[in-house]
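All chains should be built: construct the whole structure from the sequences, respecting the hints.
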Amino acid sequence: PMIVMGANPLTLIGVLPGHALLGQYFTATSMIGVIALAGIVVRNSLLLIDFILDFQREGHELREAVIQAGATRMRPILLTAFAIILGTFIMVFDPVFGGLAVSLIFGTFASTVLTLFVIPLVYYLYEQRQHHKH
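Here the numbering used here is used: position 120 in the sequence shown is 120, and no number is missing along the way.
Honestly, the hints are just simulated from the structure, not real lab data. The reader is advised that the hints may include incorrect statements.
Unchecked claim - Now the in silico label distances, taken between C-beta atoms and shown as ranges:
hint, residue 1, residue 2, range
1, 129, 5, 14 to 20 Å
2, 75, 133, 34 to 40 Å
3, 13, 74, 38 to 44 Å
Computed from a prediction, not measured in an experiment: that's the story for all the values here. Every residue gets a Cβ at the ideal spot worked out from N, C-alpha and C, and that includes glycine.
Put into structure tokens, the structure is as follows:
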């Protein structure tokens, strides 16, 4: 659970610089975007870890399972991110929903890239450490 929930701060790596870059204030609608991102990031992380566990149940070693799960889930995760970014781009210039769009666009970009690499790496390191304890 901590690995999955640990993905949420990855959204801020994109959200805060995105607001600064575009000169947008961080508003209540921006926070709604961050909350929406939390759900997306947790879902992506859960599916990634679930696929790792599925590959391990099939008999793959941990390293191979992590690589296979990442390769299997990469396209759906990238397509979801692309749809979010493209769908919210039109709202960037809206005075009310601009913050929401900036949060979604920059947060999705950063969290997608980092989720595809950081979550599998952290899971791998955690499992390696647990295995060496026993």
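Status of each hint after checking the structure:
Under the hint 14 to 20 Å, the C-beta atoms of residue 129 and residue 5, about 18 Å apart, fit the expected range. Taken as a hint, the range 34 to 40 Å holds for the pair residue 75 and residue 133, whose Cβ atoms sit roughly 35 Å apart. At about 19 Å, the beta-carbon gap between residue 13 and residue 74 misses the expected band of 38 to 44 Å.
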